[in-house]
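2 protein chains.
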Amino acid sequence: MSDLLQKAKLVKNTTTNLATKTTDQKNNALTILSRELREQKAFIISENNKDIERGRANGLHESLIDRLILNEQRIDDMAEALLQLAELNDPIGDVMEEWSRPNGLNIQKTRVPIGVVGMIYEARPNVTIDAASLCLKTGNAVLLRGSSSAIYSNTALVKVIQDALKQSDLPNDAVQLIEDTSRETASQMFKLNDYLDVLIPRGGKKLIDTVVANASVPVLETGAGNCHLFIDETAKKEMAIEIAINAKTQRPSVCNAIETILVEKNWAENHLSELIAALQDADVEIHGDSFTMAKGSNISRATEEDYETEYLDKIVAIKTVETVQEAINHINRYGTNHSEAIITENDANAVTFMNEVDAAAVYHNASTRFTDGFEFGFGAEIGISTQKLHARGPMGLEALTSTKYLLHGNGQIK
Amino acid sequence: MSDLLQKAKLVKNTTTNLATKTTDQKNNALTILSRELREQKAFIISENNKDIERGRANGLHESLIDRLILNEQRIDDMAEALLQLAELNDPIGDVMEEWSRPNGLNIQKTRVPIGVVGMIYEARPNVTIDAASLCLKTGNAVLLRGSSSAIYSNTALVKVIQDALKQSDLPNDAVQLIEDTSRETASQMFKLNDYLDVLIPRGGKKLIDTVVANASVPVLETGAGNCHLFIDETAKKEMAIEIAINAKTQRPSVCNAIETILVEKNWAENHLSELIAALQDADVEIHGDSFTMAKGSNISRATEEDYETEYLDKIVAIKTVETVQEAINHINRYGTNHSEAIITENDANAVTFMNEVDAAAVYHNASTRFTDGFEFGFGAEIGISTQKLHARGPMGLEALTSTKYLLHGNGQIK
Chain A
1 MSDLLQKAKL VKNTTTNLAT KTTDQKNNAL TILSRELREQ KAFIISENNK
51 DIERGRANGL HESLIDRLIL NEQRIDDMAE ALLQLAELND PIGDVMEEWS
101 RPNGLNIQKT RVPIGVVGMI YEARPNVTID AASLCLKTGN AVLLRGSSSA
151 IYSNTALVKV IQDALKQSDL PNDAVQLIED TSRETASQMF KLNDYLDVLI
201 PRGGKKLIDT VVANASVPVL ETGAGNCHLF IDETAKKEMA IEIAINAKTQ
251 RPSVCNAIET ILVEKNWAEN HLSELIAALQ DADVEIHGDS FTMAKGSNIS
301 RATEEDYETE YLDKIVAIKT VETVQEAINH INRYGTNHSE AIITENDANA
351 VTFMNEVDAA AVYHNASTRF TDGFEFGFGA EIGISTQKLH ARGPMGLEAL
401 TSTKYLLHGN GQIK
Chain Z
1 MSDLLQKAKL VKNTTTNLAT KTTDQKNNAL TILSRELREQ KAFIISENNK
51 DIERGRANGL HESLIDRLIL NEQRIDDMAE ALLQLAELND PIGDVMEEWS
101 RPNGLNIQKT RVPIGVVGMI YEARPNVTID AASLCLKTGN AVLLRGSSSA
151 IYSNTALVKV IQDALKQSDL PNDAVQLIED TSRETASQMF KLNDYLDVLI
201 PRGGKKLIDT VVANASVPVL ETGAGNCHLF IDETAKKEMA IEIAINAKTQ
251 RPSVCNAIET ILVEKNWAEN HLSELIAALQ DADVEIHGDS FTMAKGSNIS
301 RATEEDYETE YLDKIVAIKT VETVQEAINH INRYGTNHSE AIITENDANA
351 VTFMNEVDAA AVYHNASTRF TDGFEFGFGA EIGISTQKLH ARGPMGLEAL
401 TSTKYLLHGN GQIK
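First to last, the protein sequences are chains A and Z. Counting from 1, position 44 in the first sequence corresponds to residue 44 in UniProt numbering; the numbering is continuous, with no gaps. Counting from 1, position 33 in the second sequence corresponds to residue 33 in UniProt numbering; the numbering is continuous, with no gaps.
Same shape as in the complex, but just chain A:
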């Protein structure tokens, strides 16, 4: 039997046991894992070094090397995050709704684990701990498939997890790592409907697109963010500029940063040159329409391709529009349904924008950078869903749960 199938069976066999564990038992396992991570720091770092050395020998870019590194600080951060996760409310077992039918049948809708989560992810080895701990907290078993470039680190971290599980009341086999990182094995994993209840890809667009296109197991899609800021006629100048700078520059490489600014013509007439200057002071390269180009210098012409691009960099497109409706149409055409914002003092326009823009999160007078599980107050985040089913927007622990109806009767028949 292949490594994949064998491990899929191992994790699947733990689900009934895991589903019945108490919150204290799960939190205790997370606390033990936190301690083990600190105690096995030297082992983890030495295994991680093998990935780093091989990466350097293979000419991996330093920014990718940086993402691979597990140093003392990063391991301490992971250990600390586990203790914080243990403090969070456990959604499993919650009775979400309860009602009785005229025939006396009592119905409870309860939260239960999903079962087995298949996690497919790229370089960062911290995802190994992150994904495994979020799954364990919610009573799920997890089959991990990381990238070959982090295989030593991931193997070491899963050994530490299994050491911790052995000291806990949770089943030892609940977390498994696929050591064969070939594409063939990943493709087999996409079709493992008998063992996996969901696949969660974490990484770049290409990885996610491949999983979505090829998986028959249901996927939780965390997609790209081509996000917009619309500055309406009545927007306060300082607020609009401050939010534009924040949403574009505070961390340009993330999915909730903005890529295009749409500016209402009258506002643009009065304030666009100031917005351009502020962006350029912050080292942002601007691609603009003719109106925008006339309001500043060093602006290249924005093309159709600009409006379709998630720059993930200090580049922004600026386009002027006549109405809120034109802004909405642009966003619904080019956006990726992630995070969108309107800056306005006109409440009617805010309502129209928020109702008609199709996105996971729509903001009025605030930066798009708040689309994040921690900023929302969830205390944890598995990713930001851009699909419409199951979970949309920042996903906290509840996104890792399913439901089960419990029905109590006294002999009811139909």
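Rather than coming from a laboratory, the hints here were simulated on the basis of the structure. Hints may contain errors.
[Stated by the list, open to error] If we take Cβ atoms under 7 Å as the criterion, some of the chain A residues that face chain Z in the derived model are:
id, residue
1, T16
2, T20
3, R101
4, I114
5, G115
6, A213
7, V217
8, Y363
9, T403
10, H408
11, N410
[Claimed, not checked] Using 30 Å as the maximum straight-line C-alpha spacing, the simulated DSBU-like pairs for lysine-lysine come out as follows:
id, chain 1, residue 1, chain 2, residue 2
12, A, K205, Z, K109
13, A, K109, Z, K237
14, Z, K237, Z, K41
15, A, K9, Z, K205
16, A, K191, Z, K191
17, Z, K12, Z, K205
18, A, K236, A, K50
19, Z, K237, Z, K314
20, A, K414, Z, K9
21, Z, K205, Z, K109
22, A, K265, Z, K237
23, A, K191, Z, K206
24, A, K314, Z, K414
25, A, K414, Z, K205
26, A, K206, Z, K414
27, Z, K109, A, K109
28, Z, K205, A, K191
29, Z, K50, Z, K166
30, Z, K12, A, K205
31, A, K414, Z, K236
[To be verified] Pair by pair, the computed Cβ-Cβ distance ranges are:
id, chain 1, residue 1, chain 2, residue 2, range
32, A, D194, Z, F291, 26 to 32 Å
33, A, Q25, Z, E285, 41 to 47 Å
34, A, K50, Z, V254, 55 to 61 Å
35, A, Q167, Z, R333, 56 to 62 Å
36, Z, S297, A, D194, 34 to 40 Å
37, Z, R333, A, Q73, 44 to 50 Å
38, Z, T23, A, T181, 32 to 38 Å
39, A, Q167, Z, Q325, 22 to 28 Å
40, Z, F291, A, E179, 26 to 32 Å
Positions of the beta carbon are idealized from the N, C-alpha and C atoms, including for glycine.
Mind docking chain Z on chain A? Use the hints.
Below, chain Z without anything else, positioned relative to chain A:
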């Protein structure tokens, strides 16, 4: 452009408009459609006759012909169901949760339509009205793909729907039927991620398996029901027998009927012969283990295959077990996670069974036949989900909704 792509674009273009329609506007459209169905009865029946005649000419089995037929009574029933649907609560626009963050940002989690629903279904033409009306009630556009055997009926019904939409405030193009019923077109539909937000297959196991295996669009899976009844040691004899007869015979062809009865040994020693007699009196064929065979006559030996089979007929497998744990293990091995029941007066065993059996609905002292949107009190049903994501168990209107976060600030930046 193909018929499929053209219609996919038409429906997709209506989603923003549809999402902003009021409950009154949507209910008004359903009421107009109800009237149009009654007024265009002759047209519908005459088109339906073409399908019936072709079906008979092709030697279609009479039971399938019966499923195809649209007569006056059935059309009146559909018209009546539309008026009942108009009476149901509209989930769209509900604020499900609302909270504020320490920085003053206010977050609302609201219910919104999913967008475009792709519906792939077999013979019964009433699904055309059923699916379209549930989608319209929840502000969704819908692309329908019925079977070739019902193409005249489906085309007529969609014409009636479009006539009704033209008299309503809803966009005319919100419901479209793919007239090309080839497999190639269905396969293209499976991959239409740019236009469809979800695919819902309705029909037999083969259809559903094909969609799940091949679709890259997210699927709402409504699967098979290999359901069990476990009669525990302390089960009241009359209740256990009455529920067994009801769950097996009241409508054997549906997914929430039971296929295997597991009986605790001591109960079996005292009462199994009476259960066997009652089942046989109700014309149920029994496949049993050795213990069961010794308690009655005309019982064939149950094999591994029996335990895996959803008979959907007046046949039942009976197996004796020593403990509740043995029953749970059998169910988690052979069941399809649909509906499972325990009959017992022992509350501890009921709790163990309900916690450890992995199914959408688990019953204590009631028939599995209640797993149904109407029996649950939802007033409508799109199907019964056997998957873990998005919706599990009977799906009412809420299963056709997604969520959107609306965030109000006064200049918050990160």
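Hints and how they fare:
1. T16: holds, 5 Å
2. T20: Cβ of T20/A sits 5 Å from chain Z, so the hint holds.
3. R101: holds, 6 Å
4. I114: holds, 5 Å
5. G115: Nearest chain Z Cβ about 6 Å off; hint holds.
6. A213: holds, 5 Å
7. V217: With a closest approach of 9 Å, the V217/A hint is violated.
8. Y363: holds, 5 Å
9. T403: Since chain Z brings a Cβ to about 5 Å from T403/A, closer than 7 Å, the hint holds.
10. H408: H408/A check passes; min Cβ-Cβ to chain Z is 5 Å, inside 7 Å.
11. N410: holds, 6 Å
12. K205/A to K109/Z: holds, 27 Å
13. K109/A to K237/Z: holds, 29 Å
14. K237/Z to K41/Z: Distance of about 50 Å is beyond 30 Å: violated.
15. K9/A to K205/Z: Holds: K9/A and K205/Z sit about 25 Å apart, inside 30 Å.
16. K191/A to K191/Z: Given that 30 Å is the threshold and the Cα spacing comes to 16 Å, the pair holds.
17. K12/Z to K205/Z: holds, 29 Å
18. K236/A to K50/A: With a Cα-Cα distance of about 54 Å, the restraint between K236/A and K50/A is violated, given a limit of 30 Å.
19. K237/Z to K314/Z: Distance of about 22 Å is within 30 Å: holds.
20. K414/A to K9/Z: The hint is violated at about 44 Å.
21. K205/Z to K109/Z: Given that 30 Å is the threshold and the Cα spacing comes to 36 Å, the pair is violated.
22. K265/A to K237/Z: violated, 79 Å
23. K191/A to K206/Z: holds, 17 Å
24. K314/A to K414/Z: holds, 17 Å
25. K414/A to K205/Z: holds, 25 Å
26. K206/A to K414/Z: holds, 29 Å
27. K109/Z to K109/A: Holds, at about 20 Å.
28. K205/Z to K191/A: holds, 18 Å
29. K50/Z to K166/Z: Judged against 30 Å, a Cα distance of about 26 Å means the pair holds.
30. K12/Z to K205/A: holds, 24 Å
31. K414/A to K236/Z: holds, 18 Å
32. D194/A to F291/Z: 26 to 32 Å: holds, 31 Å
33. Q25/A to E285/Z: 41 to 47 Å: Once the Cβ atoms are compared, 46 Å apart, the range 41 to 47 Å for E285/Z and Q25/A holds.
34. K50/A to V254/Z: 55 to 61 Å: holds, 58 Å
35. Q167/A to R333/Z: 56 to 62 Å: The hint (56 to 62 Å, Cβ to Cβ) is violated, given that Q167/A and R333/Z are roughly 30 Å apart.
36. S297/Z to D194/A: 34 to 40 Å: Holds - the Cβ-Cβ distance for S297/Z and D194/A, about 38 Å, lies within 34 to 40 Å.
37. R333/Z to Q73/A: 44 to 50 Å: The hint (44 to 50 Å, Cβ to Cβ) holds, given that R333/Z and Q73/A are roughly 47 Å apart.
38. T23/Z to T181/A: 32 to 38 Å: violated, 52 Å
39. Q167/A to Q325/Z: 22 to 28 Å: Holds, since Q167/A and Q325/Z (Cβ atoms, about 26 Å apart) stay within the stated range.
40. F291/Z to E179/A: 26 to 32 Å: violated, 46 Å
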